[in-house]
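Enquirer: Modelling step: build the complete structure from the supplied sequences, incorporating the hints.
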Amino acid sequence: KNQVEQSPQSLIILEGKNCTLQCNYTVSPFSNLRWYKQDTGRGPVSLTIMTFSENTKSNGRYTATLDADTKQSSLHITASQLSDSASYICVVSDRGSTLGRLYFGRGTQLTVWP
Amino acid sequence: EADIYQTPRYLVIGTGKKITLECSQTMGHDKMYWYQQDPGMELHLIHYSYGVNSTEKGDLSSESTVSRIRTEHFPLTLESARPSHTSQYLCASSEDKPSPYEQYFGPGTRLTVT
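Residue numbers (our numbering), protein chains in the order written: chain D, 41 to 154; chain A, 505 to 618.
Since the hints were derived computationally from the structure, they do not count as laboratory data.
List time: in silico DMTMM-like cross-link candidates among lysine to aspartate or glutamate, alpha-carbon distance up to 25 Å:
hint	chain 1	residue 1	chain 2	residue 2
1	D	Lys41	A	Glu560
2	A	Lys535	D	Asp79
3	D	Lys97	D	Asp134
4	A	Lys535	A	Glu576
5	D	Lys97	A	Glu546
6	D	Lys41	A	Asp563
7	A	Lys601	D	Asp134
8	A	Lys601	D	Glu94
9	A	Lys601	A	Glu560
10	A	Lys522	A	Glu583
11	A	Lys561	D	Asp134
12	A	Lys535	A	Glu560
13	D	Lys111	A	Glu606
14	D	Lys41	A	Glu546
15	D	Lys97	A	Asp600
16	D	Lys111	A	Glu546
17	A	Lys535	A	Asp507
18	D	Lys41	D	Asp134
19	A	Lys522	A	Glu560
20	A	Lys535	D	Asp134
21	D	Lys41	A	Asp542
22	D	Lys97	A	Glu599
23	D	Lys111	A	Asp563
24	D	Lys97	A	Glu606
Per label pair, the in silico range of CB-to-CB distance:
hint	chain 1	residue 1	chain 2	residue 2	range
25	D	Ile52	A	Glu599	34 to 40 Å
26	D	Asp109	A	Thr511	41 to 47 Å
27	D	Asn58	A	Met545	24 to 30 Å
28	A	Gly555	D	Ser93	26 to 32 Å
Taking beta-carbon pairs under 10 Å as the criterion, some of the chain D residues facing chain A (in silico):
hint	residue
29	Asn72
30	Phe144
31	Gln149
Backbone N, C-alpha and C fix where the C-beta goes; we use that ideal spot for every residue, glycine too.
Expert: Here it is, written out as structure tokens:
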């Protein structure tokens, strides 16, 4: 069964600190992995997309890593800001269908305190 | 920010009413999607479309229906709303190109059926 599991479920950090969010998946055959940021009451916004051949990708203070062998990914946030408070969703796409089906994790709810 | 719009943003309606959630995009994308998301849970695909006059059901069974008469417009209709339909509904669109394709989300409609 294709699944995406994220940890921790929620996380509270102080402004300026770094944090790392984890994602494990069982989706096969694998096509790509994305990280989205979803602010409360808004739609998800893409942060990074990584294919099988990529093992790291950065977008400003966000750095995603991918280990396709162990089927794990992480999202590292550097020097957190209050605006980083949001849900971070790991999404994996398969290549077994024309649609390129997306499998969503439940997200990690990050809260940044001043 | 992506040019994809949803109206209304919030809707509270009584049981048995017919409702239509609107979704429009100005990017000329052929592929459009409807997702359902409950608090703290993953997004579930309920409908998708490859283009005009093309609609398909997604992974999650839904009593809603969709239509795609124009490229930019992908409305979702519930003929008779029930409390079990209370949820957040997210519309998305993407270009018609091989994976990985960027999927852009609207801000969502939060529906409450009393």
